[in-house]
Amino acid sequence: MTPANSRLPEILKRRESEILERWIKEQLRAATQRRDLLPEPQLREQSREFLSLVAEAAGKGSLTSLDGPAWESVRDLLGDLSRSRASQGFTPTETAIFVFSLKQPLFDVLRQEAGGQTEALADDVWSANTVLDRLGLYTTELFQKGREELIARQHQEMLELSTPVVKLWEGVLALPMIGTLDSARTQVVMESLLQRIVETGAEVAIIDITGVPTVDTLVAQHLLKTITAARLMGAECIISGIRPQIAATIVHLGVDLSAVITKATLADAFQVALGRVGLVVQRAPARS
Amino acid sequence: MERIPILKMGELLLVTIQVDMHDQLAMTLQDDLTEKISRTGARGVLIDISAVEVVDSFIGRMIANIAAMARILDAQTVLVGMQPAVAITLVELGLTLPGVRTALNVERGMALLRAEVQPTRVGLGEADGDAEG
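Quick mapping for you: the protein sequence lines, in order, are chains A and B. Note that our numbering has the first sequence beginning at 1, numbered continuously upward. Note that our numbering has the second sequence beginning at 1, numbered continuously upward.
Only chain A is shown next, with the shape it has when bound in the complex (with noise of 0.2 Å):
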């Protein structure tokens, strides 16, 4: 590291309340600042926090690299920065410009403290430039990893919510699939179906696909495994919820479910179950 390089840290503690000041009047110009979601004290107090502690960083640890103890204060004011903004409505970019935007009043004071020193003034610069946007893109980096988070939850969470298997009688299991099926979600309704049939001891599984969108060779592929290894176990299945439009693209696909009991409502499945079980569903007599 050349002298010059060094002397960013000095200078930013010297003149902290100068940059400050002009960071936060730059701050409330811009604009990109969201006075609706920001109060201004409030802003100042986050950006009086952030450059204290920049200050602080600059002075104990190295400027080329973020990662060490020294900017670990740094990093997790940021943390909760970009979490608190997210969360508020904030937009990546405007989170990441609260940082970019150090820039302007700090080069400024750069300028003035280099003189007639080119060479000084560019290395200062430099080194000032590195370090803000290895922050900015940081809070952006959090950002997205708050949101892969949350995407990878709700996955999980609708993965569980949709495959719950009902039973409708005595002997006959109701299976109603919601959603697209892929090969990870076949697997665990398959397995939560198969585990039912040894539970109840059903003879008699109703599929419903009145909720799966579309049906490829892939999801007809799955049915007929699922239902192969339902009969494997002895329970027979039954398909229902079959739309005019889904059965004409079964078709036009070449899926044979000739070996399968078809059904276009849930209710005429149920009647087949009815029969295979040995039970009739009859009106009561009238009341007289």
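If you're looking for bench data, these hints aren't it; they were derived computationally from the structure. Bear in mind the structure is a predicted one, so any value in this text is a computation, not a measurement. You may find that some hints are simply not true.
Simulated coverage check for chain B against chain A, where a stretch passes if three residues somewhere in it have a Cβ under 8 Å from a Cβ of chain A [stated by the list, open to error]: (1) 78-86; (2) 95-104.
Beyond 10 Å from chain B on every Cβ pair, some chain A residues (computed) [what the hints assert, rightly or not]: (3) Leu53; (4) Ser87; (5) Thr163; (6) Glu191; (7) Gln195; (8) Gly201; (9) Ala202; (10) Val251.
Output of the computed footprint for chain B on chain A, the stretches with three or more beta carbons under 8 Å from beta carbons of chain B [as the list claims (entries may be wrong)]: (11) 57-70; (12) 271-277.
We put the beta carbon where it would ideally sit given N, CA and C, even for glycine.
Dock chain B against the given chain A, drawing on the hints supplied.
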């Protein structure tokens, strides 16, 4: 040598597999069973695999073979009590055991076998009627 017992109940044979199947055991079972069917003239075979937790492609094929051989010897085979994990494994292996009757437990399997076997006993001379049904 380890063997799987084959019990005779009237016209039916009852095989309960209580140990983990290995290849030699399956081969022995196949030989014993076919031998016993032809000797006793059994009309139905019930294989209880509720205690079997693991199968591989060989065992799966042996089960299919046993059922097919029994059918040639004019005995219906019903496979009962397959565990979910076993069923999933067989399906993933592509062994869907076509032509093998299945039931959830021994009781249902017995009922199924009796219903299958009874009519053919009445019409002993009609081998064609069986093939159609």
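If I take the minimum Cβ distance from A/Gly201 to any residue of chain B, is it greater than 10 Å?
Per Cβ check, A/Gly201 is inside 10 Å of chain B; nearest 6 Å; violated.
Checking the smallest CB distance to chain B, is A/Thr163 really beyond 10 Å?
holds, 14 Å
Would the least Cβ to Cβ distance between A/Leu53 and chain B come out above 10 Å?
Check passes; 55 Å lies beyond 10 Å.
Please verify the coverage claim for the stretch 95-104 of chain B: does it have three or more residues whose C-beta sits within 8 Å of some C-beta in chain A?
holds (count 5)
Distal placement of A/Ser87 relative to chain B, Cβ over 10 Å
holds, 42 Å
With a C-beta cutoff of 8 Å, work out whether three or more residues of the stretch 57-70 of chain A approach chain B closely enough for the coverage to hold.
Coverage by chain B is violated here, the residue count being 0 at a Cβ distance below 8 Å.
Minimum Cβ-Cβ distance from A/Ala202 to chain B exceeds 10 Å:
Check fails; 8 Å does not lie beyond 10 Å.
Least C-beta distance from A/Val251 to chain B larger than 10 Å
At roughly 22 Å from the nearest Cβ of chain B, A/Val251 sits farther out than 10 Å, so the non-interface label holds.
Given coverage of the stretch 78-86 of chain B by chain A, tested with a Cβ cutoff of 8 Å and a minimum of 3 residues:
holds (count 7)
Whether A/Glu191 stays farther than 10 Å from all C-beta atoms of chain B, as the label says:
Label violated. Min Cβ-Cβ 6 Å, cutoff 10 Å.
Can you confirm whether chain B covers the stretch 271-277 of chain A, using C-beta to C-beta distances below 8 Å and requiring at least three such residues?
violated (count 0)
Going by Cβ atoms, does A/Gln195 stay more than 10 Å from chain B at every point?
violated, 6 Å
In summary, the structure is inconsistent with hints 6, 7, 8, 9, 11 and 12 from the numbered list given earlier, while agreeing with the others.
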